[in-house]
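> The lines below spell out each chain.
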Amino acid sequence: MKKHLTLLATTAALTASPLMAQDLTVTSFGGAYGAAQMEHMIEPFMAETGVNVLFEDYGGGIAEMKAQVEAGNILWDVVDVEVIDLERACAEGYLEIIDQSVLPDGDDGVAAADDFIPDALANECGVGNIVWSVVFAVNTDNGPGPQTIAEFFDVEAFPGNRGLRKRPQVNMEWALIADGVAPEDIYATLSTDEGQARAFAKLDTIKENIVWYDSWSQAPVLLNDGGAAMVQSANGRIFAAIQDDGAPFEIVWDSHVYDLDVWAIMKGTENKDLAMEFIKSATRTVPLSGMQDVAYGPTRASAQALLPESVKQDLPTAHLDVGLKADGIFWADFGESLGEKFNEWLLQ
Amino acid sequence: MTSITQKLSPEDARNAAREVRRRRLQAFLFVVPLLVFLIFAFVAPITTMLYRSIHNPTVANLIPDTLTALEDWSGEGVPDDAVLTQFATDMKRMANDRTSGQLADEINRALPGMSSVTKSTARALRRVEDADLTTNGAALLLEANDRWGEAATWRAIRKAGPVYSSSYYLTAVDLERDAVGAIVPRDTQIYVQLYTKTLKMALIITGLTILLGYPLAFFMAHASSGLANFLMVFVLLPFWTSLLVRTTAWIALLQTGGVVNSTLQWLGIIDEPLQLLYNEFSTILAMTHILLPFMVLPLYAVMRGIDNSFMRAAISMGSSPLGAWSKIYLPMSLPGLSAGALLVFIISIGYYITPALVGGTDGQMISNIIAFHMQVSNNWELAAALGSLLLVLILVLYWLFDRFVGTDNLKLG
Chain A
0 MKKHLTLLAT
10 TAALTASPLM
20 AQDLTVTSFG
30 GAYGAAQMEH
40 MIEPFMAETG
50 VNVLFEDYGG
60 GIAEMKAQVE
70 AGNILWDVVD
80 VEVIDLERAC
90 AEGYLEIIDQ
100 SVLPDGDDGV
110 AAADDFIPDA
120 LANECGVGNI
130 VWSVVFAVNT
140 DNGPGPQTIA
150 EFFDVEAFPG
160 NRGLRKRPQV
170 NMEWALIADG
180 VAPEDIYATL
190 STDEGQARAF
200 AKLDTIKENI
210 VWYDSWSQAP
220 VLLNDGGAAM
230 VQSANGRIFA
240 AIQDDGAPFE
250 IVWDSHVYDL
260 DVWAIMKGTE
270 NKDLAMEFIK
280 SATRTVPLSG
290 MQDVAYGPTR
300 ASAQALLPES
310 VKQDLPTAHL
320 DVGLKADGIF
330 WADFGESLGE
340 KFNEWLLQ
Chain B
0 MTSITQKLSP
10 EDARNAAREV
20 RRRRLQAFLF
30 VVPLLVFLIF
40 AFVAPITTML
50 YRSIHNPTVA
60 NLIPDTLTAL
70 EDWSGEGVPD
80 DAVLTQFATD
90 MKRMANDRTS
100 GQLADEINRA
110 LPGMSSVTKS
120 TARALRRVED
130 ADLTTNGAAL
140 LLEANDRWGE
150 AATWRAIRKA
160 GPVYSSSYYL
170 TAVDLERDAV
180 GAIVPRDTQI
190 YVQLYTKTLK
200 MALIITGLTI
210 LLGYPLAFFM
220 AHASSGLANF
230 LMVFVLLPFW
240 TSLLVRTTAW
250 IALLQTGGVV
260 NSTLQWLGII
270 DEPLQLLYNE
280 FSTILAMTHI
290 LLPFMVLPLY
300 AVMRGIDNSF
310 MRAAISMGSS
320 PLGAWSKIYL
330 PMSLPGLSAG
340 ALLVFIISIG
350 YYITPALVGG
360 TDGQMISNII
370 AFHMQVSNNW
380 ELAAALGSLL
390 LVLILVLYWL
400 FDRFVGTDNL
410 KLG
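Taken in sequence, the protein lines are chains A and B. Heads up: the first sequence runs through residues 0 to 347, numbered per numbering that gives the first Met the number 0. Heads up: the second sequence runs through residues 0 to 412, numbered per numbering that gives the first Met the number 0.
These are calculated hints, taken from the structure and not from any lab test. Do not rely on the hints blindly, as some may be mistaken.
Derived pair list, reagent style DSBU-like, types lysine-lysine, alpha-carbon separation capped at 30 Å [what the hints assert, rightly or not]: (1) A:LYS324 - A:LYS165; (2) B:LYS199 - A:LYS206; (3) A:LYS206 - A:LYS165; (4) B:LYS199 - A:LYS65; (5) A:LYS165 - B:LYS326; (6) A:LYS266 - A:LYS324; (7) B:LYS199 - A:LYS165; (8) B:LYS196 - A:LYS206; (9) B:LYS196 - A:LYS201.
Using the sequences and the accompanying hints, generate a full structural model.
In structure tokens form, the structure reads like this:
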């Protein structure tokens, strides 16, 4: 019976009944990451406020937000957005503007504005939630693997298949780094036709050895079943495979491309205030530090301080000096045109 | 009906006519649910899609006055200060409405790199006084970003302006209009190649299902009914399993450390595992398996209805078995064959899930690029144009089929 009632409540909430205002729909990426958010952010919030949170999954991107806002049928309240999509989602009016001044101080008393790392509050539509990173990983069963991006692109010294996610993002950056472009010049170079041609030319040198995949979950699988000797991956996925399954993988941090995820509020939601309460609660020091479970770095200095030394080395935040910050503005500009060129290059 | 009513009294004629009307209404009411369903689930979405592929009012709604002012611009050099001032005013309004991002997206599509320029300019102009904008708008705009002083930028705005535009269809066949409006090939050539490849793969898959399905259906049609039913279970089994399960089963079989590769390695036939998955081969293989029932079922139904004595008669009259088959049996089984071929071909042309899961790079079909524009690049207009072309392609093929084979020759069972 209770199940039926929940179902009824859900249906009612979906049809936007104001009576059910105490339900909050939070959407994120699921998997081990979603489980960590459930444990450290959603369950404490439900316990403290008595609000019933419906936790849903999506695959990223802004298409679903666009569809909801254009149809005027807002199904989500709070959504976890990659910064690479945030710029566009915010500017196109799919997200509410967040008053960042109401965010609570860190547990050590430092004001929120100083406690958050600068990138976490850089966009007015979101509050940083994790720092994550695209790294490459090798299977140590195959003997010593490449240790730099340049070696990743060296098929003679390191034969075998390379698993890459099928999109221009990160691959274009890595190609230029492997070709000797300085990290600070990457995005300026990629803005020019010559720079793009140079990146594709470098990718051409390993094209025969690339195995393409579409979702992060495929990366550890490819590495495990021998489909690839080395893979590009979100760092948390490899970490989980090592930690939980004892997989013989090694994460290489050289030239990792790091980015943030933020919590954002869907434009036009009826639960805007409640959504803001959730974000305030979920981005406090302790909930943020819980994201270490899946090896994603916290976005507050006070949360970083709570982590044991042994864990810190596994987080992107310990390797920012050898990393490159993904440029959301560049990808808002060139995502579509490079996406087309990338598709054309794939067909050649 | 007139011939009947003439012989009836006026009273009876009226009753009869009423009765006819009542029956018609009844018949109509029976089909109303289906009709409503078809309109909402089929006609309306397709019309919307067709409309969307030529209709994009975003820019015209956002900056109507700028577009009007731009009409007189020659296309060379920088437009008049009046245009720039008008645009600066529009930008301020959009920055405050939070619609500048929509404009940024549209201009960026015509000229990559303009998204950040538009957004940063909108931010810069957001807090400027209206009076300053009217007197000094052009200078403020150029100060915010010098790209507004380039003719290419304004050509991009003008290009993005029209409410009705054929540009998405041009893009869908790898063409575009240059600065003077002539139609020229685009820098990137993707879609024609993909349509060709999709057609090629659909043809191969249809051919393979005929090769596999025809003998099977023939055997089943001539086997004892017990054996035929038993075999039918195997044909139908894939039908009862989820499409996703069937496709992932192929992943388990074909992957590098999968069943096929490890068996071949164990037998010593190969040393290194073969790349069987994530290419055209795996897409064709999995789709042939999935679509085989669509070929076998109509073939089997038609073959069951063919009287064996025709073949026996032909052979007894001196024809060779092969000759009898090609002259007698094949033409008689043709309706089933063409129905099966048409079904498999049309379904495979628009197939999405299997190429997405096992296609890798080589195995991508046009539907995957449509999904890309719906979900990733958010270019719904281009997705609609690509989808409409696919629809037209299927209609043309159906028309050709009707011309050369004839839809009368179609039998589903």
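> Does each hint hold? Answer for all of them.
The hints, checked one at a time:
Of the supplied pair hints, the one linking LYS324 of chain A and LYS165 of chain A holds, its CA atoms being roughly 20 Å apart against a limit of 30 Å. Taken as a hint, the LYS199 of chain B and LYS206 of chain A pair is honoured in the structure, with Cα atoms around 24 Å apart against an allowance of 30 Å. With a CA separation close to 12 Å, the supplied pair LYS206 of chain A and LYS165 of chain A stays within the 30 Å bound. The suggested pairing of LYS199 of chain B with LYS65 of chain A is violated, with an alpha-carbon distance near 35 Å, which exceeds 30 Å.
For the hint pairing LYS165 of chain A with LYS326 of chain B, the CA-to-CA distance comes to about 51 Å; that exceeds 30 Å, so the pair is violated. With a C-alpha separation of about 27 Å, the suggested pairing of LYS266 of chain A with LYS324 of chain A holds against the 30 Å cut-off. With a C-alpha separation of about 23 Å, the suggested pair LYS199 of chain B and LYS165 of chain A falls inside the 30 Å cut-off, and the hint holds. With a CA separation close to 20 Å, the supplied pair LYS196 of chain B and LYS206 of chain A stays within the 30 Å bound.
Taken as a hint, the LYS196 of chain B and LYS201 of chain A pair is honoured in the structure, with Cα atoms around 26 Å apart against an allowance of 30 Å.
Going down the numbered hints, you'll see the structure goes against 4, 5, while the others check out.
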